[in-house]
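**Q** Below are the chains, spelled out letter by letter.
There are 2 protein chains.
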Amino acid sequence: MADDYPFKETVRDRSSRARTGVLTTRHGELETPLFLPVGTKASVKAVGGDELGSTGSISLIANAFLLSMKPGVEIIENAGGLHEFMSWEGGIFTDSGGFQMIREGFLEKVTDEGIRFRSPYDGQRVMMTPELCRDIQLGLGSDVAMALDVCPPHDAGEDEVKEAVRLTINWARRFQPGPSTDGQLRFGIVQGGLDRGHRKECLDKILEVPFDGLAIGGLSIGEPKDVMFRVLDDLVPHMPDTHSRYLMGVGSPEDIIRSVERGVDIFDSVFPTRNARHRTLFTPNGKVNVRPSTFRNDPGAVQEDCPCMLCRKYSKSYLSHLFDVQEPLAWRLASLHNITFIQQVIKNMKMAIKEDRFSIWKEEFLRSYLSGGG
Amino acid sequence: MADDYPFKETVRDRSSRARTGVLTTRHGELETPLFLPVGTKASVKAVGGDELGSTGSISLIANAFLLSMKPGVEIIENAGGLHEFMSWEGGIFTDSGGFQMIREGFLEKVTDEGIRFRSPYDGQRVMMTPELCRDIQLGLGSDVAMALDVCPPHDAGEDEVKEAVRLTINWARRFQPGPSTDGQLRFGIVQGGLDRGHRKECLDKILEVPFDGLAIGGLSIGEPKDVMFRVLDDLVPHMPDTHSRYLMGVGSPEDIIRSVERGVDIFDSVFPTRNARHRTLFTPNGKVNVRPSTFRNDPGAVQEDCPCMLCRKYSKSYLSHLFDVQEPLAWRLASLHNITFIQQVIKNMKMAIKEDRFSIWKEEFLRSYLSGGG
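Residue numbers (the working numbering), protein chains in the order written: chain H, 855 to 1228; chain Y, 855 to 1228.
Keep in mind that the hints are not guaranteed to be accurate.
Below, computed lysine-lysine pairings styled on DSS-like, alpha-carbon distance capped at 27 angstroms [to be verified]:
hint	chain 1	residue 1	chain 2	residue 2
1	H	Lys924	Y	Lys1141
2	H	Lys1167	Y	Lys1167
3	Y	Lys1079	H	Lys899
4	H	Lys1167	H	Lys1141
5	H	Lys1141	Y	Lys1208
6	Y	Lys1079	Y	Lys1167
7	Y	Lys899	Y	Lys924
8	Y	Lys899	Y	Lys1167
9	H	Lys1054	H	Lys1079
10	Y	Lys899	H	Lys899
11	H	Lys1167	Y	Lys899
12	Y	Lys924	H	Lys1167
13	Y	Lys1079	H	Lys924
Simulated from the structure, these hints should not be mistaken for laboratory data.
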């Protein structure tokens, strides 16, 4: 059975749990560590599927819940699936969207059956069950579908965490009653709050379900960073090497690197694109803010050696101007840069792991990046 | 002297005043008829200089007045000029911006000296003289600079039109006291409202100034279309063949074609990009509105034979979705399409003129386009 897993570890770092691997999907082999830009509504904000590949991205993640509301699964099925619909030939993960349903004010009630919520678009009542969640993602035709889970807030009490774990496990069994046979991979999600015991219990039960990979939910939602890393330190060693490990909602370059060090393979986050739209750009010397005082009269590139469209063709001065006069081109160029930056970090990190110098690379990168000298 | 003009007529239609020609600028030979997308603030809205060439555009127009306020001429000079600043290697026209100063509520007073206005950005008082207007455009480094003129409203009275003509002529002489010698071309602007006599008088006086080309201002600002064409019918035959003729602010495919028929060579307009952002797309069968009722479930291209990014890679269905969920990618794709459409019209029209079938081509295009069947 283990030989059937779609994930293969390729190189393991000797001084940490960092590793490289390959996740085989119906849209190609996705090398890990892997960062997924977020295209919630079937568009990575301000960036087209036609140019996402230029950032070094090989897969993205969309939100099944929101897409099922608008434009609706049928429309996307008629288009030939999400890849055709958004003109993207790389990998596509779909998140169940349980997190959005619970957090963004649409929720009416969570029951054993599922999540009852009101559509943010037309106010209609919908019951999202694990079965419906699976069917939606099957209809969308993503390469990797995420289970429906319950994600309690980071400061939830003991009872709330236990109930979330209970529902997450029950729903996982209903979401994936047998092994995937249709080419779509399905990942289970481990909840359990910040408690080692609940996490371990949830992991053990999720491992009994024939998922193709594992995700870690309920982190990076407001808890202190050291607490998040402590949870990873406790949890990841119990996760089998045969499963790729996806830490949902992370994140920043430094959090990604420190999570890879702890054995995580896959990441997604709006961090690069949201920062970009708010004038914050990543550079090897740290984040920089596109301030008129520093950018306005600088004809140099944001980052000299960066292969992105912004840095190859445009100056700091021009980008500053575009933000100042609120031209939408600013969002596109800044987003292309930040996604490219993260993908360059991923690429360099993979090379460092393969060349047995991950720790040195990590120290060097973080020393420069966190110096904030940029 | 006539041999020195930067414009050469190449082919003249036998049944109308339509013609092809070449305007030689320091950024290449611009074939006419020529359509300039508008990049008011040094960005064609939602479209980067890196992809404007893909629409078939070979030149654009920016607004010297607004750019002189923000980011300021010095910043653009430091960048190496407007071409470098916005990463655009094609031609660049700059409009004086007199129209914006007068129309958009910044105006304080028009005197013999120039236009006194308040900066829309910081409220500072500025006196825009013809000399300053020339110096700004020289600093921006555009290929073609437009004179400072006074453009009265289409329903202005006799006195207002006469005063506008008087100032436009005086300012033209101050703007261009001798022939251009620095590689930048300078165009004079003919005002005169809707009156044949005032137009002719203004043209005669403007022709005494050693401009490199001629523009027609004060049209397409609210007057009926047949009145605009009547003015062109009266005015253009008096314009020498040695000067390229630029009709400012036009426009729609049908207005461009009908103006080419009357001898106009050059056009600029926000029409394609503004329509695009408001969900209106051009097709050979007329304008179509991206309505959910017709687009939502249509996996076909907006226009099957269109070479633009939207039509090559994306469906009607996806575009409709992007507009519905307000993704900024919608503006970019729709703008790329509409600019490409206009440039295809220009390209086909040039070919028709060269092959002595302009009238037939025009009839066929307009029959289909104005049928509104799209």
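**Q** Under the criterion that the straight-line Cα-Cα distance not exceed 27 angstroms, is the pair Lys899 of chain Y, Lys899 of chain H satisfied?
**A** OK: Lys899 of chain Y and Lys899 of chain H at ~16 angstroms, within 27 angstroms.
**Q** Need the status of pair Lys924 of chain H, Lys1141 of chain Y: alpha-carbon distance at most 27 angstroms?
**A** holds (26 angstroms)
**Q** Compare the distance between the alpha carbons of Lys1141 of chain H and Lys1208 of chain Y with 27 angstroms, and conclude whether the hinted pair is satisfied.
**A** Since the Cα atoms of Lys1141 of chain H and Lys1208 of chain Y sit roughly 56 angstroms apart, the hinted pair is violated (cutoff 27 angstroms).
**Q** Would you mind confirming whether the straight-line C-alpha gap from Lys1079 of chain Y to Lys924 of chain H stays at or under 27 angstroms?
**A** violated (42 angstroms)
**Q** Given the proposed pairing of Lys1167 of chain H with Lys899 of chain Y, does the C-alpha separation stay at or below 27 angstroms?
**A** At roughly 17 angstroms apart (the allowed maximum being 27 angstroms), Lys899 of chain Y and Lys1167 of chain H satisfy the hint.
**Q** Checking one constraint from the list: CA of Lys1167 of chain H to CA of Lys1167 of chain Y, max 27 angstroms. Satisfied?
**A** Within the cut-off at roughly 24 angstroms; holds.
**Q** For Lys1167 of chain H and Lys1141 of chain H, compute the direct alpha-carbon distance and say whether it is at most 27 angstroms.
**A** The given pair, whose Cα atoms are some 20 angstroms apart, holds under the 27 angstroms limit.
**Q** Take a quick look at whether Lys1079 of chain Y and Lys1167 of chain Y sit within 27 angstroms of each other, Cα to Cα.
**A** violated (37 angstroms)
**Q** When you check the alpha-carbon spacing of Lys1054 of chain H and Lys1079 of chain H, does it fall within 27 angstroms?
**A** Judged against 27 angstroms, a Cα distance of about 20 angstroms means the pair holds.
**Q** Holds or violated: Lys899 of chain Y with Lys1167 of chain Y, Cα cutoff 27 angstroms?
**A** holds (21 angstroms)
**Q** Hey, Lys1079 of chain Y versus Lys899 of chain H, does the alpha-carbon distance stay inside 27 angstroms?
**A** violated (40 angstroms)
**Q** Are the Cα atoms of Lys924 of chain Y and Lys1167 of chain H separated by 27 angstroms or less?
**A** holds (21 angstroms)
Hints 3, 5, 6 and 13 from the earlier list are contradicted by this structure; the remaining hints agree with it.
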